[in-house]
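2 protein chains.
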Amino acid sequence: MSRPRAAIVVTGSELVRGERADLNGPFYAREALLLGLDPASLTIVGDDAGDLEAALREGFRSDVCLVSGGLGPTHDDRTIELVARVAGRPLELDPALEREIEQVSRRFAERMKREYADFAPGVTKQATLPEGAVSLGIAGTAPGVVLDTGSCVVVVLPGPPGELQQLWPRAVASGPLQRVLALTTRPTRRVLRFYGVSESLVAKALADAGGDGDGVEVTICAREFEIHVDLIVEPGADARADALQKAFLEPLKQFLFGRDERSVQELVLQSLREQGRTLGTAESCTGGIVAARLTSVGGASDVFRGSIVAYGNEIKTGALGVPDSLLAEHGAVSAEVAASMAHGARERLGVDVAVSVTGVAGPAGGTPEKPVGLVFLHVVGPTGDLSLRIELPGDRHLVRARSAVTALHLLRRSLEPPV
Amino acid sequence: MSRPRAAIVVTGSELVRGERADLNGPFYAREALLLGLDPASLTIVGDDAGDLEAALREGFRSDVCLVSGGLGPTHDDRTIELVARVAGRPLELDPALEREIEQVSRRFAERMKREYADFAPGVTKQATLPEGAVSLGIAGTAPGVVLDTGSCVVVVLPGPPGELQQLWPRAVASGPLQRVLALTTRPTRRVLRFYGVSESLVAKALADAGGDGDGVEVTICAREFEIHVDLIVEPGADARADALQKAFLEPLKQFLFGRDERSVQELVLQSLREQGRTLGTAESCTGGIVAARLTSVGGASDVFRGSIVAYGNEIKTGALGVPDSLLAEHGAVSAEVAASMAHGARERLGVDVAVSVTGVAGPAGGTPEKPVGLVFLHVVGPTGDLSLRIELPGDRHLVRARSAVTALHLLRRSLEPPV
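Top to bottom, those sequences are chains A and B.
The first sequence begins at 56 in the working numbering and counts up one residue at a time.
The second sequence begins at 56 in the working numbering and counts up one residue at a time.
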């Protein structure tokens, strides 16, 4: 079966100049894939009207064209005008939409202590849509719009990723897009997450298991020391997917840590919540990243209580109670100090489980004995201790990020029932 | 002067599906900009030949077309064949290039303990180029290629970012690209960074100052509550840029915090370093993000000493010395507790300057009096106290990120000399 094709058109000068990474194109692409569409092209253009018009003209040749950006109130924001031109539709004011945007803009003007009159022309512009377009309501002050040109369903959403993602479900639910989606079938998606194994070993396991194809498409993606594998399974290919997955997992079982989208920090918090235990961290080279990742999860506070970021040695002694003698004898980057930091955090923070990280993040501070990338980690909990020495490749940014991921996976392992 | 236009075409199935972020497009775009080219569009397509051909056909309408990917030995790798077709050139074997790729492939076959004969057809394919193309030599087993079609200089480099970046300087140095670059001049770039002002007010100030054009191009970009403005100035337009910048800055002076690429955390650390002062943080809702951002800067350790992440109230009392009575009377999210946290961190961590953050990050925990997004911040240092109450829009992720940025800018302001 051939799937309806989706073209993606993203506009933003800073994106086409490479100054900011585009998040909307990849978001649209992943969503299109899961809806059963075939994401065929992703084009980024700046605010040059000719470039945007050419990209839209090409994009409208697909069954669906997903557009982001250029919906603001200023003269540079020309997406709607150009969509109308390429679709051959006149522009017309949507009075209900205008009232909706006006309300938001009046509140904003008030907060900024400015005259609403300054905003009025922008509001009228933002409420002017191609004839026949459906408004999806607004995020920020920009509306989401769906237009069926007859040969292509065009979805136009605002450029800020949060606003685009907020309006996307309404675009999916809209009549025009639902009519396209009725012509296709959604594949199902199976998620496998691994830690502690290389991407090439996972690729080899897949090839040895027979590889993908025949209704099962497999993607392997390395993300911050984890390997994320997705199986996209066409309707009817479940038996083939089961067989492939079984053979593929056989040599990788020990590295599998998840079969859904939950992050390692969510898994750790969930385990501890079930055990009724509390958690704290003691961080040196990660400087708070482990705590920040744990607290990124809503509702973390019932498990995660706090952290002591002991960057300076005097904080390690003062706030964590690491003995001066231990620092003098072994150095701040050592298994002994990592253990002492974890025990200190457990006691001082009054938590059940504590994890510590101390290492050389670089770029300075490395020595032949303790090179940049050397990291010691330690977990202490009611059932005992677990420690790890690891040498991580990469620059300062990567060493810190990978240290934090390693700490979270060490925590996860420490919480698993003993085999 | 109008600059030569550069179109960028990137091929890769995993990229068009949003499964992996494209790094080559932004790299090409930044490099093109600095060379004096105008990066006009960036198109990502999968391995469908029709999509790639259409993207190349559109790209060849620019003065320069920068292509990446699809140069491997397999039948899916069709970039060279399609470049030849769109350029109307026959394919021909480059015997010198074939010998070069053969050498690498023979070594590889040996290491893999496989017959070279298995590789030979791929080698011949990879050494077959459009008539008139210039080989740039190889990275991995894939060659870089430059082709002048008469109206467009096409650069084709391998997809792996390391290989592409390795061959890029040779593409820049090649005759065809040098002939295009001789028609343009490299612009200079001026950077202005603002905090505490909306993107629309900055856009208005620019319009009131006469707007860009006449050799000065201005981009305005909102990033995590900061507004980053770049002026791209053509040679000869410096006087125009000076005048525009002066008029533009007049109403925005109070919000300007930087004229270079340094982040707010770098500025804070530099100020404190110059003053010979140390820094610590006390964080509740940000959960360590402020400390993590400060320690993302190499060499932070001479200024930043540590942090207490006091997520639970018992940590606020135990580790920071916030009185129980204060928590009972005002609640954890209050100006009084923020002040007490900052003072507690200053004392307990033994630092000169401390900043605290406490707020409702959501999604749960909001009340009519203290809604999600309400955040209190406090800085205490040798010269006194500075406090801030702010209501931040957005979801949990945004409230936390914006709280951290607000804390860093409050720190920055507290370190500025009094007016």
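Read the hints as simulated data drawn from the structure, not as lab findings.
Careful: at least some of the hints might be erroneous.
Since the list can't tell identical chains apart, any single copy or any two copies may satisfy a pair.
[To be verified] Here are the simulated lysine to aspartate or glutamate pairs, EDC-like style, with alpha carbons at most 16 Å apart: (1) K259 with D173; (2) K259 with D132; (3) K259 with E170.
To see whether the hints hold, each was checked on the structure:
When the C-alpha separation of K259 and D173 is checked against a cutoff of 16 Å, the pair qualifies only between copies, where the shortest distance is 10 Å, while the shortest distance within a copy is 61 Å. In this assembly of identical chains, the alpha carbons of K259 and D132 lie at most 16 Å apart only when taken from different copies (14 Å versus 48 Å within one copy). In the homo-oligomer, the alpha carbons of K259 and E170 lie at most 16 Å apart only across protomers (13 Å), although the nearest pairing inside one protomer, at 64 Å, exceeds that limit.
Of the numbered hints listed earlier, not one is contradicted by the structure.
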